[in-house]
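Chain by chain, the residues:
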Amino acid sequence: MPDVHTHEPDDHDNAYSGLLVNDAHWAFGTDFEDPLAGVDTTTVPSTVDPHVLAQYCLMLGDDALIASQRISQWCSNAPDLEEDIALANIALDLLGQARLLLARAAAADPTVVPVLPADSPVPDEDRLAFFRDDKQFRNVRLVEVPNGDFAETIARILMLSTWRLAIMERLRTSTDAVLAAVAAKGAKELAYHRDFAGRWFVTLAHGTDESRRRLTEALAGLWPLWTELTETHPVEAAAAAAGVGVDPATVADDVDVVFEQVLAAAGMDRPAARPLAGVQNRKGRDGLHTEALSPLLAEMQVVARAHPRGTW
Amino acid sequence: MSETTAAATATLERARAVAASVVDPELPMLTLADLGVLREVDVTDGAVTVSITPTYSGCPAMATMRDDLVRSLRDNGFDRVQVRIALHPAWTTDWITPEGKAALAAAGISPPGAAPRHEGPVALALTPTRRSVRCPRCASPQVELTSEFGSTACKAMYRCSTCLEPFDHVKEI
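Top line first, the protein sequences correspond to chains A and B.
Under this note's numbering, the first residue of the first sequence carries the number 70, and numbering increases by one thereafter.
Under this note's numbering, the first residue of the second sequence carries the number 11, and numbering increases by one thereafter.
Calculated from the structure, these hints are not laboratory results.
As the structure is a prediction and not an experimental result, all values here were calculated from the model.
Glycine included, every Cβ here is placed at the ideal spot set by N, Cα and C.
Misleading hints may appear alongside valid ones.
Stated by the list, open to error - Here are a few chain A residues that face chain B, going by a calculated C-beta distance under 8 Å:
no.: 1; residue: Asp162
no.: 2; residue: Leu169
no.: 3; residue: Val181
no.: 4; residue: Pro190
no.: 5; residue: Thr242
no.: 6; residue: Ala253
no.: 7; residue: Ala260
no.: 8; residue: Tyr261
no.: 9; residue: Asp325
no.: 10; residue: Ala346
no.: 11; residue: Gly347
no.: 12; residue: Val348
Here chain A stands alone, though its shape is the one from the complex (with noise of 0.2 Å):
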């Protein structure tokens, strides 16, 4: 058996070795060519337009990478380390989720990807995340609003963590092969974080007079955005009739249970809270957002699009 400790020196002991080999390592990705290498992206199911199969990834991928980009804030900023490790684990799983979702939109259409200058060595899930405006995001609008405070944040992850396992349990069967592999592995991690929410949602509802009264105004709240998770936009129809994609109203039966654990355990009223309306009907899934989502993307972005060659 060879000494695999023979190497000299340790990579791993040199923070610079990694640093020098290739500056792009660091401005893009992980310098893995595709988030997808060996797996088979040419095979597009017959059955599904390529555009939808893209614009459907957009949605779910845009969803992770917007809450993954939210959640990440607190780190430095939570109210104890335990919990700003966990909400920067669940930032790192949502962001793992986004970069294989937006990969394989890319993969399905190539048409969805910005087009950035042509020695440029940005990939296309990175193209996708950086160089988009807000109008071409497809995230819902939960997703995108500040954090607030800690209670909020709480809350918003049940009801994003929620819908999601819900939708990924089923998108497990999607007869798109890379889909179905991404949701049986992000089923997995959204059910700690889903358990996570949810122990910390209780236990704020039972803490002290201002803990739920902070918990109650979060949820009051960020309820009117819920309804745009569970209502059917054209792709999300059209994905499930192609055996694709998830119709989320399908789902909307199951969250509930689990809302409704949630709401019992904590002693709370579910809100009854209007939904947010849309602009002429326009919402999130149509690139329609609050005004939010500008300042998080121009924060987000802001490196990338000053160095899209990826050099300095």
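Given the structure of chain A, go ahead and fit chain B onto it with the hints provided.
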């Protein structure tokens, strides 16, 4: 068995042994084979193809694993190496070998128990996951969960109520 076939088999076995001996960058007491992320090693006309699978979707160690595999194989005379990602089937802690679990415990990290299996929708768990975890330092079963999330995506944090030391547990997925 013909001489050529025997030589090809020997080459494949050697490539497998080299790939299997590469260690995980974040859990260096484990080889990629022990961790269960090394899925397949194939040699065709002298070119090696290695398939690895991520532990978590956002696993930041994939590129390092790839680089380490390529370097180790090159050091051992395999010049053409390709590393591919296999997303399916999704990694489970059940793939960590008994040797891997022993190595984790020896390094002070509590190894995972059997991964949960679900029939139908995953049930919500509003109380901490019950695991039969022992302190890897003093073997006490009196331990408490500090957080389901730890220093890497695959670990939870515990504290021993007997010796009071904190420790990591590789959580079951």
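Now the hints, each set against the structure:
1. Asp162: holds, 5 Å
2. Leu169: holds, 6 Å
3. Val181: Check failed: Cβ of valine 181 of chain A comes no nearer than 21 Å to chain B, outside 8 Å.
4. Pro190: violated, 15 Å
5. Thr242: violated, 13 Å
6. Ala253: Since chain B brings a Cβ to about 5 Å from alanine 253 of chain A, closer than 8 Å, the hint holds.
7. Ala260: Status holds, d = 5 Å.
8. Tyr261: holds, 6 Å
9. Asp325: Result: violated, 12 Å to nearest chain B Cβ.
10. Ala346: Violated: closest Cβ of chain B sits about 31 Å from alanine 346 of chain A, beyond 8 Å.
11. Gly347: Glycine 347 of chain A check fails; min Cβ-Cβ to chain B is 30 Å, beyond 8 Å.
12. Val348: This interface hint is violated because 33 Å lies over the 8 Å limit.
Of the hints listed earlier, those the structure fails to meet are numbers 3, 4, 5, 9, 10, 11, 12, in rising order.
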